[in-house]
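Visitor: So the chains spell out like this:
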Amino acid sequence: MSKKTLVTGVIGADVHAVGNRILALSLEEAGYNVVNLGVMVSQEEFVNAAVETKADAIVVSSLYGHGEIDCQGLREKCDEAGLKGIFLLAGGNLVVGKQDFTEVEKRYKAMGFDRAYPPGTTLETTISELRSLLGA
Amino acid sequence: MRYLAVDFGSTFTKVTAIDSTEARILGTANAFTTITTDVMEGFTNALNELHAHIGEFRYEKLLCCSSAAGGLAMVAVGLVPDLTAKAARMAAEGAGAKVIKTFAYELSAEEQQEIYDINPDIVLLCGGTDGGNQEVITANAKLLAEIDRNFSIIVAGNKSAVRDMEASLQASGKRYVITKNVMPTFGKLDIEPAQTCIRDIFIERIIDAKGLSKVQEMTEFPIIPTPLAVLKGCELLSTGTKTSPGIGDFMAVDMGGATTDVYSMAKGSPTRDNVLLKGLPEPYAKRTVEGDLGMRYSLRFLMEAVGVENVAETAGVAPEAVAAWVAKCTANPETIAPENSEERRIDEALAHWGIAESVRRHCGTMETAFTPMGEVYVLAGKDMSATTAVVGVGGVLKNSSNPAAILAGAAATPRTMAMGSMLPESPQYMLDKRYIFSAMGLLSQADPETALTIMKQEISSLSEAPHGN
Numbered sequence: 034m035s036k037k038t039l040v041t042g043v044i045g046a047d048v049h050a051v052g053n054r055i056l057a058l059s060l061e062e063a064g065y066n067v068v069n070l071g072v073m074v075s076q077e078e079f080v081n082a083a084v085e086t087k088a089d090a091i092v093v094s095s096l097y098g099h100g101e102i103d104c105q106g107l108r109e110k111c112d113e114a115g116l117k118g119i120f121l122l123a124g125g126n127l128v129v130g131k132q133d134f135t136e137v138e139k140r141y142k143a144m145g146f147d148r149a150y151p152p153g154t155t156l157e158t159t160i161s162e163l164r165s166l167l168g169a
Numbered sequence: 020m021r022y023l024a025v026d027f028g029s030t031f032t033k034v035t036a037i038d039s040t041e042a043r044i045l046g047t048a049n050a051f052t053t054i055t056t057d058v059m060e061g062f063t064n065a066l067n068e069l070h071a072h073i074g075e076f077r078y079e080k081l082l083c084c085s086s087a088a089g090g091l092a093m094v095a096v097g098l099v100p101d102l103t104a105k106a107a108r109m110a111a112e113g114a115g116a117k118v119i120k121t122f123a124y125e126l127s128a129e130e131q132q133e134i135y136d137i138n139p140d141i142v143l144l145c146g147g148t149d150g151g152n153q154e155v156i157t158a159n160a161k162l163l164a165e166i167d168r169n170f171s172i173i174v175a176g177n178k179s180a181v182r183d184m185e186a187s188l189q190a191s192g193k194r195y196v197i198t199k200n201v202m203p204t205f206g207k208l209d210i211e212p213a214q215t216c217i218r219d220i221f222i223e224r225i226i227d228a229k230g231l232s233k234v235q236e237m238t239e240f241p242i243i244p245t246p247l248a249v250l251k252g253c254e255l256l257s258t259g260t261k262t263s264p265g266i267g268d269f270m271a272v273d274m275g276g277a278t279t280d281v282y283s284m285a286k287g288s289p290t291r292d293n294v295l296l297k298g299l300p301e302p303y304a305k306r307t308v309e310g311d312l313g314m315r316y317s318l319r320f321l322m323e324a325v326g327v328e329n330v331a332e333t334a335g336v337a338p339e340a341v342a343a344w345v346a347k348c349t350a351n352p353e354t355i356a357p358e359n360s361e362e363r364r365i366d367e368a369l370a371h372w373g374i375a376e377s378v379r380r381h382c383g384t385m386e387t388a389f390t391p392m393g394e395v396y397v398l399a400g401k402d403m404s405a406t407t408a409v410v411g412v413g414g415v416l417k418n419s420s421n422p423a424a425i426l427a428g429a430a431a432t433p434r435t436m437a438m439g440s441m442l443p444e445s446p447q448y449m450l451d452k453r454y455i456f457s458a459m460g461l462l463s464q465a466d467p468e469t470a471l472t473i474m475k476q477e478i479s480s481l482s483e484a485p486h487g488n
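Quick mapping for you: the protein sequence lines, in order, are chains A and B.
Going by this note's numbering, the first residue of the first sequence is number 34, and it counts up by one from there.
Going by this note's numbering, the first residue of the second sequence is number 20, and it counts up by one from there.
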């Protein structure tokens, strides 16, 4: 079985580069083929990269609090581009201020995301959940 | 050593006599290309013309390039427009082809028909990174195979899809080759293998199809597409040889009757701080062709693209006069504007704006993004703002009394800057008066040192041009 492919990047006008880099390296170490788009990635760039590489999941980072606005419509764009059933995950500082994360998660799931992670989620958590989602 | 460089163009066959021991051009001449009967006729006529200028000239080696009979017409097919479709186009243009159209995603029935109508020499089929999307390229291979035209297909896409494609390609009876993926991993380009295939097919098949086999028999050097020869000449002038330095970064513009070619020799790295790079990496020696920006056959489209008011203002005439001139040239592409006439002013204004548009499409764009962390610049494509020279090649520029004013179309203006186009900000203008780039590109295969020396002498600097559009 060939490696599963993940597209990673920091969405929107967000320039926080370090966490995403660490995430990408860890995912690579965990045996994934990682297409890291870096910072300030638009929804279109995520979709285009996933189409060309036939990615299994898109792992979106957002650190600057505007993630919810930036992530709206990503699922619809994936559907439009024929990326049926691609897994969408988001993590970082997804919203501004201290909000109840179960609510935040609910809103992300309503947007079509399969997983949304609160600040402080460990890399191990993400990787083990990816394994169960992707079966590898 | 005495070389003869020959360029079989769509209209003219141009010959250049070179003496490499003295490192100089002995003379140039041209005659009408005679592709419909026998190209040798035009070649002999041009040679006789040369003899009339410089006396008897016996060459020891013959070097040839050709853009006759429509040049090397190609269609590029990819998956995502900004990714493999763009990479396919870039590969084909860098190999000297005229890319008539670029297609993305699975081809529709209309697009199949369009390719049938274009009747290209070669289709470059790309799509998917290695191990990435297979469905689209596989489907497109089948759809291309169905088209009842005798084009060659170069497959340079997802390697994992090749097995599934071969059956339909074989059944089609078309010539096809499979080479390395133009984008093997995301965002990384590997276009040389595809370009080598384009060159090989040009030599094996196209030369014969365009009636140039007799010429090929006369020379040990392969006949190459003219734009590729120009690109080689530009690259040599920019980067130099093992022993002699080149002139560094520059751009060149070659404006013809049907198309405008733009060349940039530069890395195009950002010239300011805090810049984020987006999009595909671009080659150091980059060529683009604008099929809708030419001075005769496509003049109508040029006027539409640049705006009739802009042209009228530059020429100092009424917009109606511009429209009338364009209509006249479209009806009769042989039309030549008399010197010092209003028509000449209009023609030169059209050339100025055509160059502005083609250079704008070639260069990258810099956008300002406002982030909570402050201002960030996002660069897509090449930043050519610090480029110090723009070279005009042949054509309209050669015959103008003020070529620098036409070439000034390539320079940045307050408006292009506001739009984020990274055009040369204060370039010096130069002219390749005798159209030697292609000849020197050809000579670079045999004697790069001499070719560089001659170019440095021949490509002359023009006096300061008035700025501003």
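Think of the hints as simulated: they come from the structure by calculation, not from any bench.
Some hints could be false.
Claimed, not checked - Estimated spans, in silico, between C-beta atoms of each pair:
hint	chain 1	residue 1	chain 2	residue 2	range
1	B	GLN132	A	LYS131	57 to 63 Å
2	B	ASP136	A	ALA50	56 to 62 Å
3	B	MET438	A	GLY98	28 to 34 Å
4	B	ASP183	A	LYS117	16 to 22 Å
5	A	GLY106	B	PRO241	38 to 44 Å
6	A	LYS117	B	LYS417	54 to 60 Å
7	B	GLY326	A	ARG140	55 to 61 Å
8	B	ASP167	A	ALA50	31 to 37 Å
9	A	GLY145	B	ALA128	55 to 61 Å
10	B	ALA128	A	LEU166	52 to 58 Å
11	B	GLY310	A	GLY98	44 to 50 Å
12	A	ALA50	B	ARG319	46 to 52 Å
13	A	ILE102	B	THR260	51 to 57 Å
C-beta: ideal position from N, C-alpha, C; glycine also.
Visitor: Range hint 31 to 37 Å: satisfied by the CB atoms of B/ASP167 and A/ALA50?
Guide: 52 Å, violated
Visitor: Using the Cβ atoms, figure out if B/GLY326 sits within 55 to 61 Å of A/ARG140.
Guide: For A/ARG140 against B/GLY326, whose Cβ atoms are near 47 Å apart, the range 55 to 61 Å is violated.
Visitor: Between A/GLY106 and B/PRO241, does the beta-carbon spacing fit 38 to 44 Å?
Guide: 52 Å, violated
Visitor: Go ahead and decide if the range 44 to 50 Å is satisfied by the Cβ distance of B/GLY310 to A/GLY98.
Guide: Roughly 47 Å apart at Cβ, these two residues keep to the hinted range, so it holds.
Visitor: Hint says 54 to 60 Å; check whether the CB-CB distance for A/LYS117 and B/LYS417 agrees.
Guide: With Cβ atoms ~57 Å apart, the hint holds.
Visitor: Regarding B/ASP183 and A/LYS117, is the given constraint of 16 to 22 Å on their beta-carbon distance met?
Guide: Because 20 Å falls inside the window, the suggested range holds.
Visitor: Starting from the hint 46 to 52 Å, judge whether the C-beta atoms of A/ALA50 and B/ARG319 obey it.
Guide: Holds - the Cβ-Cβ distance for A/ALA50 and B/ARG319, about 48 Å, lies within 46 to 52 Å.
Visitor: Is 52 to 58 Å right for how far apart the beta carbons of B/ALA128 and A/LEU166 are?
Guide: 38 Å, violated
Visitor: Taking 28 to 34 Å as the stated bounds, is the beta-carbon spacing between B/MET438 and A/GLY98 within them?
Guide: 31 Å, holds
Visitor: Taking 55 to 61 Å as the hint, is the beta-carbon distance of A/GLY145 and B/ALA128 inside that range?
Guide: Because 32 Å falls outside the window, the suggested range is violated.
Visitor: Verify the CB-CB distance for A/ILE102 and B/THR260 against the hinted window 51 to 57 Å.
Guide: Holds - the Cβ-Cβ distance for A/ILE102 and B/THR260, about 55 Å, lies within 51 to 57 Å.
Visitor: Range hint 56 to 62 Å: satisfied by the CB atoms of B/ASP136 and A/ALA50?
Guide: 48 Å, violated
Checked against the numbered hints above, the structure breaks hints 2, 5, 7, 8, 9, 10 and satisfies the rest.
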